[in-house]
Amino acid sequence: MNILVYLIPISLLLGGVGLLGFIYTIRSNQYDDPEGDSRRILSDEWDDHPKP
Amino acid sequence: MADVARAPVSACPACSAAPAAEALAERRAAVRDARITLSLPTIHCSACISKVERALNAHPGVRDARVNLTLKRAQVDAEPHVTAQELIATLDAIGYEAHELDPGTIAATQTDKAGRDLLMRLAVAGFAAMNVMLLSISVWSGAEGPTRDMFHWISAAITLPTIAFSGQPFYRSAWAALRHGQLNMDVPITLAIVLAVVTSLWETSLSGEHAYFDAALALTFFLLAGRYLDHRTRAIARSAAEELAALEVPRAFVIRDGDEVQVPVAELAVGDIVAVRPGGRMPVDGEIVEGTSELDRSLLTGETVPVFAGPGQAISAGEVNLTGPLRVRATAVGSDTSLHRMADLVAVAESGRSRYTSLADRAAKLYAPGVHILSALSFVGWFLYTWDVRTALNIAAAVLIITCPCALGLAVPAVTTAASGRLFKRGMLIKHSTALERLAAVDTVVLDKTGTLTEGTPELTNLGDHARTDLEVALALAEASSHPLARALTQAVREAGIAPAEVTGVTEMPGYGTSGRWQGREVRLGRASWVGAAQGATQTAAWLSVAGEAPRAFTFTDRLRPGAEEAVQALTEAGKRVILISGDSSAAVEALARRLGIDHWLAEALPEDKLARVEQLAQEGRYVLMVGDGLNDTAALAAAHVSISPASALDAARVASDIVLLGGDLSPVAQALDTARSAIRRIRENFRIATVYNIVAVPLAVAGLATPLIAALAMSASSITVSLNALRLR
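Keeping their order, the protein sequence lines are chains A and B. Note that this note's numbering has the first sequence beginning at 1, numbered continuously upward. Note that this note's numbering has the second sequence beginning at 53, numbered continuously upward.
To be clear, the hints were calculated from the coordinates, so they are not data collected in a lab. Given the structure is predicted, the values throughout are model-derived calculations rather than measurements. Treat the hints with caution; some may be incorrect.
[Unchecked claim] With the C-beta cut set under 7 Å, the calculated list includes, among others, these residues of chain B facing chain A:
#, residue
1, S102
2, N120
3, L121
4, R168
5, M172
6, A175
7, F179
8, S637
9, T759
[Claimed, not checked] Simulated restraints on C-beta separations:
#, chain 1, residue 1, chain 2, residue 2, range
10, A, V17, B, R442, 34 to 40 Å
11, A, Q30, B, T438, 41 to 47 Å
12, A, Q30, B, V744, 40 to 46 Å
[Unchecked claim] Taking lysine-lysine pairs in the DSS-like style, the calculated list, with each CA pair at most 30 Å apart, reads:
#, chain 1, residue 1, chain 2, residue 2
13, B, K477, B, K628
14, B, K483, B, K165
15, B, K165, A, K51
16, B, K165, B, K124
17, B, K628, B, K165
18, B, K628, A, K51
19, B, K483, B, K417
20, B, K483, B, K103
21, B, K124, A, K51
No residue lacks a Cβ here, since even glycine has one placed at the ideal position from N, Cα and C.
Whole structure, please, built from the sequences with the hints as guidance.
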């Protein structure tokens with residue numbers, strides 16, 4: 001059972017990384033235009049260089 | 053339940069309105085020259101996005117443009133000299149329809165802070181609930197001794213900060229209710245969460261067997277999910293309603309030093325001379341100083357016949373100038389205008405509406421004290437039986453957790469989300485949170501005439517009565533004018549395949565009509581008095597006179613709104629009492645009532661009469677649905693049990709009504725009543741399902757047999773059944 005000493009912190013850490021990622025997406029307005037974003041990714045307009 | 057939280061007994065509507073007005077003023081100041089927002093109703097694809105953005109970015113002076121496809125809007129960051137009109141023209145050139153949105157009104161929907169905040173709390177609660185649930189499963193499957201204690205301590209370490217962060221909306225609303233000496237759904241929720249965490253901590257410190265950390269977190273998670281759903285439904289409706297309001301950018305043309313200057317309506321002052329172009333709406337109350345024209349007052353009074361306007365005449369804000377340019381000296385601006393005086397009537401009428409308690413509130417009123425008493429009784433009972441505070445407290449906590457309104461918290465929002473989404477697809481916007489419930493109770497429908505059952509645009513009725521030459525002359529004269537009657541005449545005659553006669557020297561006399569010369573004779577088309585006809589008919593008419601001949605009348609009726617007949621028919625068939633109330637003349641109202649088969653009608657009604665009639669119906673115990681669009685309907689809209697206004701209605705009427713009809717079609721009204729009724733049926737079913745779970749689980753809890761496992765099962769199972777039941781809504 002000693003393995004729990006490693007496994008529990010690791011699982012919490014990984015979950016926490018996911019949570020932080022989600023909070024980051026909320027904070028950077030990534031849910032403001034879900035429809036538009038899903039189409040923008042298909043456009044080849046800024047494929048060569050990022051939008052200035 | 054979520055409603056309980058957000059609507060803390062507003063005794064005076066003005067109290068909550070005042071801060072909103074301040075916030076609006078602040079936003080207006082902040083966005084003065086920063087950004088232009090355009091509404092793009094026709095964009096739909098990825099090619100549209102890049103085309104629009106490329107066109108806007110290529111426009112000189114534009115720094116950055118970004119399209120939001122979900123909201124169908126474009127945000128443009130541009131230098132101050134760039135105007136929205138230029139950009140609209142640019143987009144028009146590449147084939148996209150665009151409208152300017154008032155940035156002050158629309159700013160509220162840009163960043164939905166409250167929604168983001170709830171989503172964040174929901175995410176944290178969900179994360180913590182998953183982890184604690186995993187730890188709990190090992191405890192339930194037989195972890196013992198130090199392992200169990202360790203799991204409990206880790207759970208506690210995750211739970212405490214999460215509960216402190218995610219549960220805040222409940223604590224705040226519970227505190228607000230308690231401070232006013234009231235109970236709402238959030239009081240038992242808060243008590244259950246706090247009690248569960250405290251007893252679990254105590255148990256854990258004594259190496260006990262039962263800890264309810266997972267239950268406290270699951271409770272928070274499910275309830276936040278309900279609250280988030282509820283918030284989203286309302287945010288979508290609010291955003292669409294704000295877009296409607298923002299489409300009317302309040303600007304006026306003021307004469308300063310001989311020039312016309314465009315200023316926001318808010319900056320107008322008494323004594324300013326305001327220029328109002330044909331087709332424009334009066335921004336102020338005032339007196340005409342220059343020009344003659346005709347005024348359309350249908351939105352204010354329900355009259356369909358345009359009124360003559362000349363110098364010296366008083367006008368009120370909201371009237372539409374039809375034919376000639378006018379200059380008006382402002383006598384009252386902003387909130388002093390007659391448009392806003394109506395607000396008093398509305399405020400009085402609204403105080404009646406706030407007495408309505410939603411289903412959720414009624415459930416909470418029964419539920420909250422019951423839960424507390426039950427939990428307290430089991431504590432006292434077990435304490436007297438065992439003289440052990442720990443056991444008694446444990447059981448009291450179990451009772452609170454099991455009875456806690458997880459499913460109840462989802463019962464209403466899940467159904468209203470589904471129903472509002474369905475109605476939105478049919479073109480109805482549910483603005484008020486309890487509108488669906490109130491709609492379901494409706495048994496009487498009061499309809500306004502002008503602008504609601506009819507479109508407010510005239511239609512020629514006696515085309516066949518006229519000689520071809522008369523029609524040719526009339527067409528030639530009518531084409532020179534932009535008056536609604538002239539345009540209706542032009543359209544009807546053109547459709548009959550008739551070409552205009554050769555009339556020379558056609559001039560428009562604003563407020564009177566058009567005149568010209570035909571075969572050497574003077575011809576006139578216009579008001580009865582001007583062409584020399586006796587004003588006898590009560591019908592809307594334009595008269596044609598050819599010198600030396602008797603004047604001939606072209607009569608008009610108001611065109612029916614599409615779906616009006618179907619709506620009235622469906623409502624009558626559904627056994628509703630349909631009543632027509634209008635400010636228009638008896639003849640016009642009676643004709644329409646006959647045509648639609650409405651037995652009860654009331655004509656020449658003042659706004660007060662409409663209000664009185666609606667209130668009288670309410671006193672007779674009827675639940676009235678008011679459908680109206682004009683300023684004269686506003687008070688009645690606010691007084692009715694529930695109200696609908698079309699999107700073309702005046703801003704004030706849209707604000708006063710609970711539901712806005714987005715399309716021009718009236719037929720969804722009858723369907724909406726059905727949807728509302730089935731939604732309420734689902735809500736009641738959901739309450740029943742939740743009650744059944746409680747009836748099964750509560751005796752176990754009171755008997756002290758409930759384990760954290762049973763609590764978790766009951767809670768999740770009831771929440772999931774309730775959500776699935778909501779999705780069955782058709």
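Which numbered conditions among the earlier hints are violated in the structure presented, ordered from lowest to highest?
The structure conflicts with hints 8, 9, 11, 17, 18, 20, although it agrees with all the remaining ones.
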